[in-house]
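Protein chains: 2
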Amino acid sequence: MASSEPVSRKDRVPTGRRLSAESRERQIVEGAIAYFAEVGLDGHTRELARRLGITQPLLFRYFPTKAALIERIYAEVYLKRWDAGWEATVRDGSVPCLERFRRFEIDYQRRIDDYAWLRIFVSAGLKGFDLPSRYLGMVRERIFAPLLEAMRAESDLPSPRAQPLAADEFELLFGIHGALVYVGLRSRVYGIEGTADRDTVRAAMLDAALPGLLATHRRVVAAASFSGPAAAL
Amino acid sequence: MASSEPVSRKDRVPTGRRLSAESRERQIVEGAIAYFAEVGLDGHTRELARRLGITQPLLFRYFPTKAALIERIYAEVYLKRWDAGWEATVRDGSVPCLERFRRFEIDYQRRIDDYAWLRIFVSAGLKGFDLPSRYLGMVRERIFAPLLEAMRAESDLPSPRAQPLAADEFELLFGIHGALVYVGLRSRVYGIEGTADRDTVRAAMLDAALPGLLATHRRVVAAASFSGPAAAL
DNA sequence: CCTTCTATTGAGCGAACGATCAATAAGGGC
DNA sequence: GCCCTTATTGATCGTTCGCTCAATAGAAGG
Chain F
1 MASSEPVSRK
11 DRVPTGRRLS
21 AESRERQIVE
31 GAIAYFAEVG
41 LDGHTRELAR
51 RLGITQPLLF
61 RYFPTKAALI
71 ERIYAEVYLK
81 RWDAGWEATV
91 RDGSVPCLER
101 FRRFEIDYQR
111 RIDDYAWLRI
121 FVSAGLKGFD
131 LPSRYLGMVR
141 ERIFAPLLEA
151 MRAESDLPSP
161 RAQPLAADEF
171 ELLFGIHGAL
181 VYVGLRSRVY
191 GIEGTADRDT
201 VRAAMLDAAL
211 PGLLATHRRV
221 VAAASFSGPA
231 AAL
Chain E
234 MASSEPVSRK
244 DRVPTGRRLS
254 AESRERQIVE
264 GAIAYFAEVG
274 LDGHTRELAR
284 RLGITQPLLF
294 RYFPTKAALI
304 ERIYAEVYLK
314 RWDAGWEATV
324 RDGSVPCLER
334 FRRFEIDYQR
344 RIDDYAWLRI
354 FVSAGLKGFD
364 LPSRYLGMVR
374 ERIFAPLLEA
384 MRAESDLPSP
394 RAQPLAADEF
404 ELLFGIHGAL
414 VYVGLRSRVY
424 GIEGTADRDT
434 VRAAMLDAAL
444 PGLLATHRRV
454 VAAASFSGPA
464 AAL
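Protein chains in written order, with the numbering used here: chain F, 1 to 233; chain E, 234 to 466.
No lab work stands behind these hints, which were simulated from the structure alone. Treat each hint with caution, since some may be false.
Unchecked claim - Simulated crosslink set (DSS-like; lysine-lysine; CA at most 30 Å straight-line):
1. E:K360 <-> F:K127
2. F:K127 <-> F:K80
3. F:K66 <-> E:K313
4. E:K299 <-> F:K66
5. F:K127 <-> F:K66
6. E:K299 <-> F:K80
Claimed, not checked - Over 12 Å on every C-beta distance to chain E, these chain F residues come out as not near it, computed from the model:
7. L19
8. E30
9. G43
10. R51
11. L52
12. T65
13. W86
14. S94
15. Y135
16. P158
17. A196
18. A204
Here the structure is a predicted model, which is why all the values come from computation and not from measurement. C-beta atoms are modelled at their ideal positions from N, C-alpha and C, and glycine is treated no differently.
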């Protein structure tokens, strides 16, 4: 893989010894993301250090415990990669609401269809950490709630203030969302390599699901209004 | 939880000592399924034994290694719970093909929306075992392939022998399938407890997705036939 | 060149891991 | 009631885990 040309001591990639504190920390974080994504959060600090070409005690100079390193991974992969533009997209009144939904999903799925993102997300869920539920709670409140409000308005339905959003309305969006996420899961978690480009597959799924969405949404809202705003079931 | 009445030595549940070999083995398998589903496949044999109320070496009397015990779990949870009736359902010519799909998914999802089933399935995928890909390969070949063949026939389209099934056609079914699976994943893996009954949610998703499926399928097959049977992309 | 600072290492601690084996005790057949 | 079978245990092996700490070595400033 690496070239066999002799490399001067000055410009060689400083993977070995005596890095600055900040670039060593960055290297550890990046390496930890790749490593724990591959083997799971039960991966071992010694093996991580070996892959980084450093000794294991050095990890504990930069992170007091293994748990702190994993906490840093969460911040790095999920909180840091949340795109504030998503919230702007779904609130853009100059675009039809179904098109906002499409644009959000295309962009969001491209971001999360990533080896480390999906695998660490699932690993965290299995280990009982609240990261996945908190993250999906953000999607629900910051993305889907404004979208449903816009869909209500576009269909001349009562605003969420007059009639609170029902659980079934969220499920409508989570259904399409889940179909798109599942495409990435099959590849990144289950190791199934399809022949088709996953972006294209997801675009086709949206083409199939979006046209009927507003009509379905109107039926759901009508059904929910019968049983009253509180009874979402 | 348990009643406080005194229990005669004869009919008390024999959880403690001196079980018959087969009932002890069964108890270990059941306990291992529950334990590894909860903590992941990196769970420890000592903790499993503690929960079963037995000593750790006894586990190794019934299973030579921890890996063998996990292999047994795979057989018990996935191969044994595969329902041959599913293959009959999707081949039942007396029922419209979309109704066959609905019946299969309702029954299948009810079976797999199970704490142990979903969590061990995902854990196995993360650990790189080929169980998930093999299992989904069975769904693809034994369920979806016959369904697509029936959908072709019902739409007067060429049979798979004349024009092989395209990857996009499978993605159509996996899309709806994934939306339904995701409902269980959010609960069982991410720990999100929705207010609504998940069976009802999935039924509503099928109601929304199935009516347009045959028309979409015809478009996909027409598009695939242009690029020739071999080029599925 | 020498000193200072600190990134990095080697050795090692206590605990817990998967797995082994001889000793033990519970139950069935006579 | 005794014996034989075998399910079950207690003790323990070698390894590896997360983590600690004193010693080392590489770069920067004078």
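Hints versus structure:
Only pairs whose Cα atoms come within 30 Å are accepted, and E:K360 paired with F:K127 is accepted, the gap being roughly 14 Å. Proposed proximity of F:K127 and F:K80 is supported: the alpha carbons are some 21 Å apart, at most 30 Å. In summary, the hint linking F:K66 to E:K313 is not supported, as the alpha carbons are separated by about 39 Å, beyond the 30 Å threshold. Restraint check for E:K299 and F:K66: satisfied, since their Cα atoms lie roughly 25 Å apart, inside the 30 Å limit.
Straight-line distance between C-alpha atoms of F:K127 and F:K66 comes to about 15 Å, which keeps the hinted pair within the 30 Å bound. At roughly 39 Å between alpha-carbon atoms, E:K299 and F:K80 are farther apart than 30 Å, so this suggested pair is violated. For F:L19, the requirement that its beta carbon stay farther than 12 Å from each beta carbon of chain E is met, with the minimum near 31 Å. Every Cβ of chain E is farther than 12 Å from the Cβ of F:E30; the closest lies at roughly 20 Å, confirming the non-interface assignment.
Consistency note on F:G43: stated as away from chain E, yet its beta-carbon is not over 12 Å from all of that chain's, at 10 Å minimum. Once the 12 Å rule is applied to beta carbons, F:R51 is consistent with being away from chain E; the minimum gap is 17 Å. Non-interface status of F:L52 relative to chain E is upheld: no Cβ of that chain comes within 12 Å, the nearest being about 21 Å off. No beta-carbon of chain E is positioned within 12 Å of the beta-carbon of F:T65; the least distance is around 18 Å.
For F:W86, the shortest C-beta to C-beta distance to chain E comes to about 19 Å, beyond the 12 Å cut-off, and the non-interface label holds. Look at F:S94: its CB is around 28 Å from the nearest CB on chain E, clear of 12 Å, so calling it non-interface holds up. Listed as outside the interface, F:Y135 is inconsistent with that label: its C-beta sits roughly 9 Å from the nearest C-beta of chain E, within the 12 Å cut-off. Against the 12 Å criterion, F:P158 stays outside the reach of chain E, whose nearest CB is about 20 Å from its own CB.
At roughly 5 Å from the closest C-beta of chain E, the C-beta of F:A196 falls inside 12 Å, breaking its exclusion from the interface. A Cβ of chain E approaches the Cβ of F:A204 within 12 Å, the least distance being about 7 Å, so the stated non-interface status is violated.
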